[in-house]
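A.B. asks: Sequence:
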Amino acid sequence: MMEASDDELVGGADELVEPPNGVINELLNVGQEDNMQGEVEEFLGPQAEYNEEEEERKYYRRKRLGVIKNVLAASVGAMIVYSVYMGLLQMQLILHYDMTYREVKYSNLGLEDIDRKMLMGINVTPIIGLLYTPVLIRFLGTKWMMFLASGIYALFVSTNYWERYYTLVPSAVAIGVAIVPFWASLGNYITRMAQQYYEYVNYKEEHVQEQKKLPKGACHRYIIIFQSVFNIIFHLSFVFAQFPMCFVLNHYLNDNQHILFNVNSCGANISGVIPGFNTTVLTNLPRSMLLIQVESVFMGFAFLAMIIFLLLCGAAYRPTEEIDLRSIGWGNIFQLPFKHLRDYRLRLLCPFFIYSGFEVLFAVSGFSLSYGVCILGLDKLWLLILVYGLSCSIFSSLCLGLLRLPRWVCLMGGAAVHAVLLVALLCFSLCPHPDKSTQYLVPLLVIIALWGLGTALNKTGVSILLGMLYAEEKERLDFVYTIYHWWQAIAIFIVYLWSNLPMRAKLSILLATLLVACYCYWVMERRLASKVPFRLPRIPRPRHKVKGYRYLEEDNSDESDSESEEDDDGEQVAEEMGAEGGEEGGHDAEVQGADSPGARRRGAEGQRRRQDRSHVMEG
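Take 1 as the starting number for the sequence shown in the working numbering and just add one per residue.
For the record, the hints were derived by calculation from the structure and aren't laboratory data. A few of these clues could be false.
No farther apart than 35 Å at their CA atoms in a straight line, the calculated lysine-lysine pairs in the DSBU-like style are these [as the list claims (entries may be wrong)]: (1) K143 - K69; (2) K216 - K339; (3) K216 - K117; (4) K474 - K204; (5) K380 - K143; (6) K58 - K204.
Estimated spans, in silico, between C-beta atoms of each pair [as the list claims (entries may be wrong)]: (7) C246 - A416: 25 to 35 Å; (8) Y59 - P540: 26 to 36 Å; (9) Q335 - E54: 41 to 51 Å; (10) G329 - L515: 39 to 49 Å; (11) K212 - N250: 16 to 26 Å; (12) E112 - R64: 48 to 58 Å; (13) K212 - G329: 20 to 30 Å.
For every residue, glycine included, the Cβ atom is placed at its ideal position computed from N, Cα and C.
Use the sequences and the hints to build the structure in full.
C.D. replies: What follows is the structure, given as structure tokens:
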């Protein structure tokens, strides 16, 4: 019996006993949960392949590329705007000057009188630009001011489809209103991009992370590069503006013997622009459909410039910075440009600002007409201005030498070139000979190219100098560039007034202004070298109103000291009233302390918490 029982036990041990199905499922679920938890921990835990420093470096590299994109977009947009504006204005003035065109197409409309009033609107209106430019820039923002100004230039193009007094003159006045804000915004924008680029390169520095004022001279390198790039691209507008003249109008011009038949003298001996210039310069009139097609091309490029400013240009300031810039009070914004004139650096640079406006208009309207067209004929006008634009664009790159050279080299170099040319032009006068005009082509092209060299050094040098002097004062840049371009607008107005003066008087005014500007600049540099303190007006602290989602946050980085004190007072009042009267008393305290931003914010949060507690208790 014992042997049989042993055999049975051995046989039973050889057979596997299958456990119930429920036990197997529980074991599988436990294993799956362990695996899933391990995968989640592995996903949420520190990744072996993730490098925080490398990702941060890539992020700021993208930011730097964005800044470069902003600079190129602003430069190309400004170049397109002024190519369209100058090309259309030049074609319009030549067509309206021709007596046959006026009589056949517009009869008694009085286009010549309309042109005079249109030029008056463009040249006279910017005089009041100092009154409204900072307010417009602070209200709209730098980027949106550029976009709006480019839209006004597009409006001027559109009015040429229907040439009437009530279309041309108001649009010309609108352009006069927009000139100073447009250029002040551009100068401010390029300098701000240089500051941002420095911040993205040195993002690990403590003063950058805490958004403190930049160290002195920290971003000068980027200001030089960005301003030079802007001027290299922008001065190409003189080149593209001559395309309508070259490809359209030149085929309709009379020969030089007819146009210059009554012209007896050119150069320094004349008074006005070109005395004796024939009033019929066209052989036959361009077709209306051809002019409409040309204006449509202008309109398309004007819209392209608006799209570039809108889509490709990023913001110049952070949202919090823009709110701070507006929150100092509109009265202070209106006064600060005048107060900045107390700074002796700006006062001593004013003659250079004025000369900068003089010399560009003299090259385009004075030398090109009274010397170039008077000697070579109207068909060579496009070539003179094209060479001038190319010269300005190419020689603007010389200002990159300021990375190694002192900053006075550009301004003094350009002034020296212009001084020599002005003395030469004072002695240059001759009688026009249409048959021998080609022998003067090369000397005149050399003179206009050298004048472009001086313009490039002057314009780029002044912009770089202003950026370097106020590189650490980003809240003052719009005021500084407003003053610069306002003085340029004054110079444009003076050039508009002196159109009938003798040429030697114009050249003498230019030479005297240049000498005064050089002396004042030398005085400024000497004072800075002697560390004479300059006077800067105090920028008031922002006064924020309790409007907008940003001021519902607990920690308000834009809060001023006075508001912090009000918040503390409101908090104490709310706590005392809450301790005396429970919830009802707390509600009364919120009402009484509603004048304080902190009390209003805390009251709303307290009410929301009480509602949450009541919902939880009901649940």
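A.B. asks: Holds or violated: K143 with K69, Cα cutoff 35 Å?
C.D. replies: The hint holds at about 14 Å.
A.B. asks: Does K339 lie within 35 Å of K216 when you go C-alpha to C-alpha?
C.D. replies: Status holds; Cα separation ~23 Å.
A.B. asks: Between Y59 and P540, is the Cβ distance one that fits in 26 to 36 Å?
C.D. replies: holds, 35 Å
A.B. asks: If I claimed the Cβ atoms of K212 and G329 lie 20 to 30 Å apart, would that claim hold in this structure?
C.D. replies: holds, 24 Å
A.B. asks: Does the structure keep K58 and K204 at a Cα separation of 35 Å or less?
C.D. replies: holds, 14 Å
A.B. asks: Does the hinted range 25 to 35 Å hold for C246 and A416 at CB?
C.D. replies: At 33 Å between Cβs, range holds.
A.B. asks: Okay, Q335 versus E54 on CB: inside 41 to 51 Å?
C.D. replies: Holds: the Cβ-Cβ distance is about 49 Å, inside 41 to 51 Å.
A.B. asks: Could you grab the alpha-carbon distance between K216 and K117 and see if it respects the 35 Å cut-off?
C.D. replies: At roughly 47 Å apart (the allowed maximum being 35 Å), K117 and K216 break the hint.
A.B. asks: Starting from the hint 16 to 26 Å, judge whether the C-beta atoms of K212 and N250 obey it.
C.D. replies: Distance hint for K212, N250 is violated at roughly 58 Å.
A.B. asks: Could you tell me whether the CB distance from G329 to L515 stays inside 39 to 49 Å?
C.D. replies: 41 Å Cβ-Cβ, so the 39 to 49 Å window holds.
A.B. asks: Does K380 pair with K143 here, judged by a C-alpha cut-off of 35 Å?
C.D. replies: violated, 38 Å
A.B. asks: For a C-alpha distance cap of 35 Å, please report whether K474 and K204 respect it.
C.D. replies: Between K474 and K204 the Cα gap is close to 20 Å, so the pair holds against 35 Å.
In this structure, the hints that do not hold are numbers 3, 5, 11, in rising order.
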